[in-house]
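Trainee: Add chain L to chain E, keeping to what the hints say.
Chains E and L, in that order, are what the protein sequence lines are.
Each residue of the first sequence is one higher than the last, beginning at 1 in my numbering.
Each residue of the second sequence is one higher than the last, beginning at 1 in my numbering.
Among these hints, one or two may not hold up.
Some chain E residues near chain L, calculated using beta-carbon distances under 10 angstroms [said to hold, decoys possible]:
#  : residue
1  : 3
2  : 4
3  : 35
4  : 37
5  : 40
6  : 44
7  : 51
8  : 52
9  : 56
10 : 65
11 : 83
12 : 93
13 : 100
14 : 106
15 : 107
16 : 109
Restricting the straight-line Cα-Cα distance to at most 30 angstroms, the calculated cross-link-like pairs of lysine-lysine (DSS-like) are [claimed, not checked]:
#  : chain 1 : residue 1 : chain 2 : residue 2
17 : E       : 57        : L       : 69
18 : E       : 83        : L       : 110
19 : E       : 42        : L       : 107
20 : L       : 110       : E       : 42
21 : L       : 69        : L       : 49
22 : L       : 58        : E       : 42
23 : E       : 42        : E       : 83
24 : E       : 83        : E       : 57
25 : L       : 49        : E       : 42
26 : L       : 69        : L       : 107
27 : L       : 107       : E       : 57
28 : L       : 49        : L       : 107
29 : L       : 110       : L       : 49
30 : L       : 69        : L       : 110
31 : E       : 57        : E       : 78
32 : L       : 49        : E       : 57
33 : L       : 69        : E       : 78
34 : E       : 42        : L       : 69
35 : E       : 57        : L       : 110
36 : L       : 58        : L       : 107
37 : E       : 42        : E       : 57
38 : E       : 83        : L       : 49
39 : E       : 78        : E       : 42
40 : L       : 69        : L       : 58
By construction, these hints were calculated from the structure, which means they are not laboratory data.
We put the CB at the ideal spot given by N, CA and C, even for glycine.
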Amino acid sequence: EPEVTQTPSHQVTQMGQEVILRCVPISNHLYFYWYRQILGQKVEFLVSFYNNEISEKSEIFDDQFSVERPDGSNFTLKIRSTKLEDSAMYFCASSDLSGQGRYEQYFGPGTRLTVT
Amino acid sequence: AQSVTQLDSQVPVFEEAPVELRCNYSSSVSVYLFWYVQYPNQGLQLLLKYLSGSTLVKGINGFEAEFNKSQTSFHLRKPSVHISDTAEYFCAVITSGAGSYQLTFGKGTKLSVIP
Chain E
1 EPEVTQTPSH QVTQMGQEVI LRCVPISNHL YFYWYRQILG QKVEFLVSFY NNEISEKSEI
61 FDDQFSVERP DGSNFTLKIR STKLEDSAMY FCASSDLSGQ GRYEQYFGPG TRLTVT
Chain L
1 AQSVTQLDSQ VPVFEEAPVE LRCNYSSSVS VYLFWYVQYP NQGLQLLLKY LSGSTLVKGI
61 NGFEAEFNKS QTSFHLRKPS VHISDTAEYF CAVITSGAGS YQLTFGKGTK LSVIP
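Just chain E, same shape as in the assembly (with noise of 0.2 angstroms):
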């Protein structure tokens, strides 16, 4: 069965470094996303990503991120200058689009990001 993949599983970095976050999204999918999850709180949207461009994005997505399809197979989430409250696990999801497809988001596995 196809599925979302990420890289990697843990990231350790220093506060105020660059980070990327790698997803490769389920292949005939066209519309990818973003979430986090601090520990113990809520699985939160970050962005979502269509047709090369950013559909939609939360009051977290602020000019520290960004999001890139550099191929056509991956699909990444940039933090320019990482800080202490970035430190979450984050998920990356796919859908189709067609019919009730679009409202079926897989997620990947998730990249734990701890900041220091």
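Mentor: Relative to chain E, chain L alone:
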């Protein structure tokens, strides 16, 4: 703005007993409703969804949920749990007709099945 409330943060239950995990949402507009499960060290897996039609929806692993519009609830049930059901369960909504596919999640309920 949407919000989702999962009333129980932890639910312990004995193996083969029934379980209900509660979910309420706040919205005056139509919503699509979802339950996701997260097993330890894994991502979120879709258990079931309500988009339209019958208010009783069946999902994977023997779970079902009932959409109750008047009570703005979407409680998850299973008549007999197994040890393998130990996981965290998340209720989520999407506002329908708004052109948005953004999921709003509840805080999650940790289900612990006791042998």
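Trainee: None of the hints should be skipped; say for each whether it holds.
Mentor: Here is what the structure says about each hint:
{"no.": "1", "hint": "3", "verdict": "holds (9 angstroms)"}
{"no.": "2", "hint": "4", "verdict": "holds (7 angstroms)"}
{"no.": "3", "hint": "35", "verdict": "holds (7 angstroms)"}
{"no.": "4", "hint": "37", "verdict": "holds (9 angstroms)"}
{"no.": "5", "hint": "40", "verdict": "holds (9 angstroms)"}
{"no.": "6", "hint": "44", "verdict": "holds (7 angstroms)"}
{"no.": "7", "hint": "51", "verdict": "violated (13 angstroms)"}
{"no.": "8", "hint": "52", "verdict": "violated (17 angstroms)"}
{"no.": "9", "hint": "56", "verdict": "holds (6 angstroms)"}
{"no.": "10", "hint": "65", "verdict": "violated (15 angstroms)"}
{"no.": "11", "hint": "83", "verdict": "violated (23 angstroms)"}
{"no.": "12", "hint": "93", "verdict": "holds (8 angstroms)"}
{"no.": "13", "hint": "100", "verdict": "holds (6 angstroms)"}
{"no.": "14", "hint": "106", "verdict": "holds (7 angstroms)"}
{"no.": "15", "hint": "107", "verdict": "holds (4 angstroms)"}
{"no.": "16", "hint": "109", "verdict": "holds (4 angstroms)"}
{"no.": "17", "hint": "E:57 - L:69", "verdict": "holds (28 angstroms)"}
{"no.": "18", "hint": "E:83 - L:110", "verdict": "holds (29 angstroms)"}
{"no.": "19", "hint": "E:42 - L:107", "verdict": "holds (5 angstroms)"}
{"no.": "20", "hint": "L:110 - E:42", "verdict": "holds (13 angstroms)"}
{"no.": "21", "hint": "L:69 - L:49", "verdict": "holds (15 angstroms)"}
{"no.": "22", "hint": "L:58 - E:42", "verdict": "holds (25 angstroms)"}
{"no.": "23", "hint": "E:42 - E:83", "verdict": "holds (19 angstroms)"}
{"no.": "24", "hint": "E:83 - E:57", "verdict": "holds (19 angstroms)"}
{"no.": "25", "hint": "L:49 - E:42", "verdict": "holds (19 angstroms)"}
{"no.": "26", "hint": "L:69 - L:107", "verdict": "holds (21 angstroms)"}
{"no.": "27", "hint": "L:107 - E:57", "verdict": "holds (20 angstroms)"}
{"no.": "28", "hint": "L:49 - L:107", "verdict": "holds (18 angstroms)"}
{"no.": "29", "hint": "L:110 - L:49", "verdict": "holds (19 angstroms)"}
{"no.": "30", "hint": "L:69 - L:110", "verdict": "holds (25 angstroms)"}
{"no.": "31", "hint": "E:57 - E:78", "verdict": "holds (14 angstroms)"}
{"no.": "32", "hint": "L:49 - E:57", "verdict": "holds (23 angstroms)"}
{"no.": "33", "hint": "L:69 - E:78", "verdict": "violated (40 angstroms)"}
{"no.": "34", "hint": "E:42 - L:69", "verdict": "holds (24 angstroms)"}
{"no.": "35", "hint": "E:57 - L:110", "verdict": "holds (29 angstroms)"}
{"no.": "36", "hint": "L:58 - L:107", "verdict": "holds (22 angstroms)"}
{"no.": "37", "hint": "E:42 - E:57", "verdict": "holds (17 angstroms)"}
{"no.": "38", "hint": "E:83 - L:49", "verdict": "violated (36 angstroms)"}
{"no.": "39", "hint": "E:78 - E:42", "verdict": "holds (21 angstroms)"}
{"no.": "40", "hint": "L:69 - L:58", "verdict": "holds (17 angstroms)"}
In this structure, the hints that do not hold are numbers 7, 8, 10, 11, 33 and 38, in rising order.
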